[in-house]
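Chemist: Chains as they are written, first to last, in the numbering used here: chain S, 1298 to 1793; chain G, 74 to 361.
Among these hints, one or two may not hold up.
Derived lysine-lysine pairs resembling DSSO-like cross-links, with alpha carbons at most 27 Å apart [claimed, not checked]: (1) S:LYS1325 x G:LYS310; (2) S:LYS1320 x G:LYS358; (3) S:LYS1420 x S:LYS1464; (4) G:LYS324 x G:LYS310; (5) G:LYS358 x S:LYS1325; (6) S:LYS1420 x S:LYS1388; (7) G:LYS186 x S:LYS1313.
Okay, the calculated bits of chain S under chain G, using three or more residues with CB under 8 Å as the criterion [unchecked claim]: (8) 1311-1320; (9) 1564-1571.
Derived from the structure by calculation, the hints contain no laboratory data. Cβ coordinates follow ideal geometry from the N, Cα and C atoms, glycine included.
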Amino acid sequence: MSRVHSNLEGMSNCTKCHELGQKVDSKKCLNCHSEIKELINQKRGYHSSDEVTKKECWDCHSEHHGRNFEIIRFDTKNFDHAKTGYPLIGKHKSASCNDCHQEKNILNKKFKSKKTYLGLDRKCQSCHYDYHQTTLGNDCLQCHNYNTFRPAEKFNHQKSKFNLTGKHLEVKCEKCHKIEVRNDKEFQKFKGLKFSNCNDCHVDVHNTRFGSDCQKCHNTNSFLNVNQSKFNHDITKFPLTGKHTSLNCSQCHGVKLSSKPKHEKCSDCHTEYHNSEFITRESKGECSECHSTSGFSPSKFTVELHQLTKFKLTGKHLAIPCYKCHFVDKKYAFKINSEKCSDCHNNIHLKELNEKYLVEKDCLNCHQVEGWEKINFEHSITGFNLVGKHSTINCNSCHRNNQGEIVFNSVQKNCSDCHLDIHLGQFNQNGVTDCSRCHTFYNWKPDSFNHNSTRFPLTGAHSKIDCNKCHKTTLKDDKKITLYKFDDIKCAVCHT
Amino acid sequence: MNKNLHRLYIGSFVVVGFSSFIFLLYNGFDYYRLSMEVRPFSDEHNLLKPSGIIGHGLGIIGSIMMISGVVIYMSRKRFKFLSRIGYLKHWLEFHIFLCSVGPLLILFHTAFKFGGIVAISFWSMIAVVISGVIGRFIYIQIPRTMNGEEANLNQLEADYNKKLIELNLPPLFLNDLDILSSERKFKSVTISNSMILIIKDFFFLRNYLKNIRKKISIERAINKSEAKILSGLLKNKLILERRISILSTMKKLFGYWHIFHLPFAIIMFLIMIIHISVTLVFGYKWIF
């Protein structure tokens, strides 16, 4: 007899298994093996399968084959476990029999210490350690399948009370479901997590200053993706006004919005554009003195305020835009140390203007702030008094050359420098024609000409006749001229 | 039964016996080599196990052969109405056949598993078979007539001399034979040393006859066929002389042998009956 039946050895025990006239009666086997009988009655287990019900016990479990005979022996590799009513699926397929069928997994005490395949419970925990330490109930298959424990492939977080959206879909489970040590064993907490408020998991970087409803401003796609329209910045110490309202949060708070910018001074965020030009002011150059949150331009620095500076705006300066004076080298500069016109204005006259005329009042020696065209120049200081018609004519008549350029130094005092000699050099003396010998500044009439001072004084009838009686118009060099000077003043020249 | 028919009779027993042994061994060699613990998982187990179709059948046939072998031979010896049917020698040969092949089938019936009470029967059977072999050896040491009765010394001597005369051998050669044979002495033969003496004489005779054949071949006294006959007669004569010399001892030994052979046979049958009875009671009825 095999070891397990060794107690049945001996002649007196034959009928414990054998039935007279009926070889071995399976009923007798089952009388002892009540656990099998119970399973068969309940139509459970391998012994209730079609493969077994047609057989007698001894067909598989014969006896009298020696003490070491394996009375329970079968092809463990090809055994169809489904016939036990518990099909092997997933990882269970590759497990060896002893992985599950071992004493420590048998809960029923009557099967303990027996080499048996019975006594296992179908509950996962009967073999597997309950990693969740009973916190998630007994039905492991609600979340897990037979293929793998991690990840819990059947678990759908969307069916939980906390739907995963946005970044929560990407985050590792451990981020929220922390792994800790419980009862000296690794434990991951899945149940009992607070999740009604973001702060249950996330650190409130705002220190509750903005309340506890993070979702007013944030969403799960990104902490940085802030719904600005919902955030009331007015509840902060820095209410947003003007241009600040249209800014993106990250422009002040950094890409991660983790920055807590100083905000007492504009320069905490803004670059001090003016290079401390205004540091000497009482306000120490506070931007708000000139600017508002509505924009850097226009400035609050009005003309009235400008009048309080050393450079009061008058004339044309009142009308011109600020940049005309304060935008220098592609940058605004407000502190202009010199008050000379030439500090701002170009001297268009260049060498045409003697520097002595720029002394003291600079351009104002001639010009006025009311306009460049308004000239207030004492021409007499040039040594060329404007008399007669010269005092009435426009400056340009003399001081603008044929190219339209304003000229001063290059303007000579000789009449012929400005006026045309219509006499074609008839009165030229030593290369110079002195118009004043005949003309004054008041008109072109020869008021200062005295015919008598010529070598042909007018007398008699000559004094009464028109000039053109003698001074006929003639052609010289193809130009009409009145001939005033005669080479020969003999009578026969005029009179026949 | 003439000599040829007897040879066929014996030959058929030998053929049946050896072919049965070879067939059974060949048929179940792989199975019988397996350990007891592994056999039930062999495909041949249901056929060759003691309660299998073949195994059980071998047991039944073997048992019937042994029972019938014993019953027939004992009946022939005990019952007068059977004493005139055939020679007792032939009945004995049939008894030996049945009681040799029968245990052989029983051996394969056991599938070489010797356990339980029935093992007593088995080992008794083995003892009976071995004692049978020994008995047969002792039996042939006792000269008998064809009817199995012990031949007297004179009759044996007369037969020998008669055969010598028939051959008309030269006197000188006959003299040499006598000198050679006279060297064998069987004195102080006891039951205990008889077997050793017989074995020793067996080897002596082999050498002796070898030398005689050599001498005949050298002297060319007779032709080859006559030399062969003479050698055979001489062998028979010398064996007979030995048997005559130790006859009384063998008779005593054979008497003791019966005491040994029969009880084992009885034990074997008794336990076999119990074994068969229990088997039947528990429902193992082979094909019936």
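Chemist: Which of the numbered hints above does this structure break?
Modeler: 1, 3 and 9
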